[in-house]
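Novice: The task is simple: from the sequences and hints, build the whole structure.
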Amino acid sequence: MTDGGAPLAGVRVVDLTTVVAGPWATHLLAGYGADVIKIEPPEGDIMRYAPPGRHPTMGPEFLHMNAGKRSVALDLKTGAGREEALALIAGADVFLTNVRPAAMERLGLAYADAKRANPEIVYVGIVGFDQRGPYAARPAYDDLIQGGCGLASLFAHTGGEPRYIPSLIADRITGITAANAVLAALFARERGNGGASIEIPMFETMAELVLADHLGGHTYVPPAGDYGYQRILTPHRRPYRTSDGYVCVLLYTPAQWQRFFTAAGRAEQYAAEPRLSDDAMRREHYDYAYAVVADIVAMRTSAEWLVLLESIDVPFMPLHDVASLLDDPQIAATGFVEERDHPTEGRIRTLRTPIRWDALDDVDLRPAPNLGEHNRTQR
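Sequential numbering from 1 applies to the sequence shown in this note's numbering.
Hints are computed from structural coordinates only; laboratory data are not their basis.
Worth double-checking, as some hints may not be accurate.
[To be verified] When the alpha-carbon atoms are kept at most 25 Å apart in a straight line, the in silico SDA-like pairs for lysine to any residue are as follows: (1) 115 / 192; (2) 115 / 184; (3) 115 / 196; (4) 77 / 105; (5) 115 / 222; (6) 77 / 373; (7) 115 / 186; (8) 77 / 118.
[Stated by the list, open to error] Using C-beta positions, here's what the derived DEER-type ranges look like: (9) 253 / 108: 54 to 60 Å; (10) 333 / 119: 43 to 49 Å; (11) 250 / 188: 35 to 41 Å.
Here the structure is a predicted model, which means the values were calculated and not measured.
We treat Cβ as the ideally placed atom computed from N, Cα and C, and that holds for glycine.
Specialist: This is the structure we're talking about:
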């Protein structure tokens, strides 16, 4: 099926975002078939300059997050730039920004301004913090949100120092949340509810993620136990060291625990130790149970474990780094990573949308644009 049959075919999104959260949201919408027009300042999105790259304005992060979009370079501090932006909004279905609200007011591009240009516009603002709170005016970045929402401190519970996850997870999850909100707003508009103004706060989005896992006993008033989901806080919840490397194993159901110990020649140990064989008691002693598993896994090679675990239907995965992930047979078989020619960057690797359905199988995302490439063709 062609792009015209994609779910968001015919939907136009004006994208006034930079860095990661906003561009990721609009990239996802482009993957559903939306026509995304990215407004950039004359110097371009800052992520254009993140190395390494063949050219200074087309870094790898930018290439991945902005595939499927067109680029229009505008100086929004000028009257002409503002009017051009409002003209784009007038012809759009969605306007998405991660510029702070006070700055949008100064630019004359707040929701009230956009609504005058297009009463049916879905206006989505990604902000650092809920605008009703004391942090409303603060800037926000992934590192700050990971720390502020409690995510970074969880590593201290597992035996390490607080640190950030080496992925822009707060940005990405906020972007996914924003894309979901756009889809809901478009559906509501189709039902006759008109346009909408939507706020997506990074801090609260990530606080929900952390608290849903780790509020634990403090979910109840008064508390019924301590904070934290203990299974995922144990220091032994990590890739297991084998005799020559690492493997990832998850024993989750009672049947999986029993099959693992039986195949490892430890059936008697399993039966005799209730901290292993009794499901309720095991939940109270994850540190012990996972430590025993770690000792067993260390006795064989990674290859031996991969064969054995598959034969007994126990969930497992090899431990990849980024380089070996590209060679994974699942990645190869599905065509998730493709090599393509970019008009200015030459041969590059691109990532297909992982969602599989008939209408999207043949959606062909245009290559990430050069700065201002579509200034005269965006309408």
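Novice: Next step is simple, just say for each hint if it's right about the structure.
Specialist: Status of the hints after comparison with the structure:
For the hint pairing residue 115 with residue 192, the CA-to-CA distance comes to about 16 Å; that is within 25 Å, so the pair holds. Under the criterion of a C-alpha separation no larger than 25 Å, the hint pairing residue 115 with residue 184 is consistent with the structure, at around 19 Å. With a C-alpha separation of about 9 Å, the suggested pair residue 115 and residue 196 falls inside the 25 Å cut-off, and the hint holds. This hinted pair checks out: residue 77 and residue 105 have alpha carbons roughly 12 Å apart, not beyond 25 Å.
Straight-line distance between C-alpha atoms of residue 115 and residue 222 comes to about 46 Å, which puts the hinted pair past the 25 Å bound. Distance check on the hinted pair: residue 77 and residue 373 sit about 20 Å apart at the alpha-carbon level, within 25 Å; holds. Restraint check for residue 115 and residue 186: the C-alpha separation of about 15 Å stays at or below 25 Å, so the hint holds. Straight-line distance between C-alpha atoms of residue 77 and residue 118 comes to about 21 Å, which keeps the hinted pair within the 25 Å bound.
Our hint of 54 to 60 Å for residue 253 and residue 108 holds, since their Cβ atoms are close to 58 Å apart. As the Cβ distance of residue 333 to residue 119 is approximately 48 Å, the hint placing it in 43 to 49 Å holds. Remark: the range hint 35 to 41 Å for residue 250 to residue 188 is upheld by a beta-carbon distance near 39 Å.
Of the numbered hints stated above, the single one contradicted by the structure is hint 5.
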